[in-house]
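Visitor: Numbering (the numbering used here), first residue to last: 1 to 223.
Hints should not be assumed to be uniformly reliable.
Stated by the list, open to error - Capping the alpha-carbon separation at 30 Å, the derived lysine-lysine pairs in DSS-like fashion look like this:
1. Lys198 <-> Lys138
2. Lys179 <-> Lys198
3. Lys138 <-> Lys179
Quick caveat, the hints were computed from the structure, so don't treat them as lab data.
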Amino acid sequence: MATAGADRGAGTMQVPMLDLQAQYRPLREEILAAVTRVCDSQRFILGPEVDELERELARMLEVPHAIGVSSGTDALLLAMMALGIGHGDEVVTSTYSFFATGGCVVRLGATPVFVDIDPVTYNIDPSALAAAITPRTKAIIPVHLYGQSADLEAILAIATRAGVPVIEDAAQAIGSRYKGRPVGGFGLIGCFSFFPSKNLGAFGDGGLVTTSSDDLAALLRRL
């Protein structure tokens with residue numbers, strides 16, 4: 001046993017699970033300049049930098065409204081709050097996701113209804129989705145996992161027939177496209193995460209909510 005352990009140690013290169021330094025080094029000067037602007041302005045919450053980020057992300061995601069929030073978890077929570085989801089309601093979502101997807105449903109007193117995944121994409125299986133919808137279903141939350149879009153065409157068709165809104169969990173998929181359009185703008189609401197390990201990471205935590213509805217955007221900002 002000792003010999004096997006020694007062999008593994010001698011011939012193994014240590015590869016970090018997440019190398020934030022590799023992302024940071026080429027952008028260091030640009031990032032420090034942005035941090036300096038924030039420090040000089042003393043606008044640490046919201047302010048002009050957040051306003052510009054929201055405008056830039058709205059353009060990138062091709063949606064009218066992009067609203068910065070404190071985390072991807074809060075993006076999901078706010079989306080469901082804006083739709084009035086609560087006790088006695090059901091939300092259909094994927095069995096395979098970060099725990100916040102289902103956890104936010106429970107936090108609001110609603111019940112998550114889990115649908116199995118497609119074994120190839122690991123995203124929610126549309127063929128099993130319709131059977132999970134009941135009169136208590138208030139939303140469907142597909143998850144775009146590992147940057148790969150869920151089958152939105154099939155999911156939206158099922159949701160439309162059932163009269164149920166779609167909330168896209170795009171926490172791992174900013175910049176991904178489905179049939180030529182960015183994910184996060186297909187459903188009624190899109191939710192993104194800027195946790196440092198995500199595709200676009202923040203210095204700390206952060207999130208984004210997107211929508212094409214003016215009324216819903218105003219409500220999300222109030223919330």
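Visitor: Now tell me, hint by hint, if it's right for this structure.
Guide: Hints and how they fare:
1. Taking the CA atoms of Lys198 and Lys138, the gap is near 28 Å; set against the 30 Å cutoff, the hint holds.
2. With a C-alpha separation of about 23 Å, the suggested pairing of Lys179 with Lys198 holds against the 30 Å cut-off.
3. Annotation: proposed proximity of Lys138 to Lys179 holds, straight-line Cα distance about 26 Å (limit 30 Å).
When held up to the earlier numbered hints, the structure conflicts with none and fits them all.
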